[in-house]
Amino acid sequence: DRARRERAFADKSTKLRSPLFFINPKRISVRNLAKSITESELKNLVFGALKKGLEQKLATPQDAVAHWRAGGELPHAEVMRRATDPNLV
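If you read the sequence shown in our numbering, its first letter stands for residue 357, the second for the next number, and so on.
Some hints here could point you the wrong way.
Stated by the list, open to error - So the derived label-pair ranges between C-beta atoms look like this:
{"no.": "1", "residue 1": "437", "residue 2": "365", "range": "35 to 45 Å"}
{"no.": "2", "residue 1": "418", "residue 2": "360", "range": "33 to 43 Å"}
{"no.": "3", "residue 1": "418", "residue 2": "362", "range": "32 to 42 Å"}
{"no.": "4", "residue 1": "371", "residue 2": "414", "range": "19 to 29 Å"}
As the list claims (entries may be wrong) - Below 20 Å or equal to it, Euclidean Cα-Cα: the simulated EDC-like pairs (lysine to aspartate or glutamate) are:
{"no.": "5", "residue 1": "407", "residue 2": "395"}
{"no.": "6", "residue 1": "408", "residue 2": "441"}
{"no.": "7", "residue 1": "399", "residue 2": "441"}
{"no.": "8", "residue 1": "399", "residue 2": "419"}
{"no.": "9", "residue 1": "407", "residue 2": "419"}
{"no.": "10", "residue 1": "407", "residue 2": "441"}
{"no.": "11", "residue 1": "407", "residue 2": "434"}
{"no.": "12", "residue 1": "399", "residue 2": "429"}
{"no.": "13", "residue 1": "368", "residue 2": "357"}
{"no.": "14", "residue 1": "408", "residue 2": "397"}
{"no.": "15", "residue 1": "413", "residue 2": "441"}
{"no.": "16", "residue 1": "391", "residue 2": "357"}
{"no.": "17", "residue 1": "408", "residue 2": "419"}
{"no.": "18", "residue 1": "399", "residue 2": "434"}
{"no.": "19", "residue 1": "399", "residue 2": "411"}
{"no.": "20", "residue 1": "407", "residue 2": "397"}
None of these hints come from the bench; they were simulated from the model.
Glycine residues also receive a C-beta, built at the ideal position from the N, C-alpha and C atoms.
Taking the hints into account, I'd like the entire structure generated from these sequences.
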């Protein structure tokens, strides 16, 4: 376990120094999930964390829209619907 953590830290340090990688300082890293968690449960957890981050001013609605656009998983209409959702904040 310790060797795996050290390897992950070394990889992270290498990527942070490299000009080829950009790592957003507000990114979320999810590790050590239970094997029983489903994709929909994970999405709900992430969406809940996003709401809390917006409420605490740790993220902006523009950050959320940029993430959804960059992910490419949502059609443009859905990104815009979420961007104007008053329940998001």
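Hints versus structure:
Judged by the Cβ atoms, the range 35 to 45 Å given for residue 437 and residue 365 holds: they are separated by roughly 39 Å. At roughly 36 Å, the beta-carbon separation of residue 418 and residue 360 lies within the given 33 to 43 Å, and the hint holds. At about 36 Å, the beta-carbon gap between residue 418 and residue 362 stays in the expected band of 32 to 42 Å. Hint check: residue 371 to residue 414, Cβ distance near 23 Å, so the stated range 19 to 29 Å holds.
A threshold of 20 Å between alpha carbons decides the hint, and for residue 407 with residue 395 the separation of about 18 Å falls inside it, so the pair holds. Annotation: proposed proximity of residue 408 to residue 441 holds, straight-line Cα distance about 15 Å (limit 20 Å). Under the criterion of a C-alpha separation no larger than 20 Å, the hint pairing residue 399 with residue 441 is consistent with the structure, at around 17 Å. Between residue 399 and residue 419 the alpha-carbon distance is near 17 Å, which keeps this suggested pair within the 20 Å criterion.
Between residue 407 and residue 419 the CA atoms are separated by roughly 12 Å; this keeps the pair inside 20 Å, and the hint holds. Using a Cα cut-off of 20 Å, the hinted pair residue 407 and residue 441 holds, with the two alpha carbons roughly 12 Å apart. About 17 Å separates the Cα atoms of residue 407 and residue 434, which keeps this hinted pair within 20 Å; it holds. Taken as a hint, the residue 399 and residue 429 pair is honoured in the structure, with Cα atoms around 13 Å apart against an allowance of 20 Å.
For a cut-off of 20 Å, the pair hint linking residue 368 to residue 357 stands: about 17 Å separates their Cα positions. Between residue 408 and residue 397 the alpha-carbon distance is near 17 Å, which keeps this suggested pair within the 20 Å criterion. Proximity of residue 413 to residue 441 is assessed by CA-CA distance (about 17 Å); at most 20 Å being required, the pair is judged to hold. Annotation: proposed proximity of residue 391 to residue 357 holds, straight-line Cα distance about 18 Å (limit 20 Å).
Only pairs whose Cα atoms come within 20 Å are accepted, and residue 408 paired with residue 419 is accepted, the gap being roughly 13 Å. Proximity of residue 399 to residue 434 is assessed by CA-CA distance (about 15 Å); at most 20 Å being required, the pair is judged to hold. For the proposed pair residue 399 and residue 411, the alpha carbon gap of about 18 Å is at most 20 Å, so the pair holds. Of the supplied pair hints, the one linking residue 407 and residue 397 holds, its CA atoms being roughly 15 Å apart against a limit of 20 Å.
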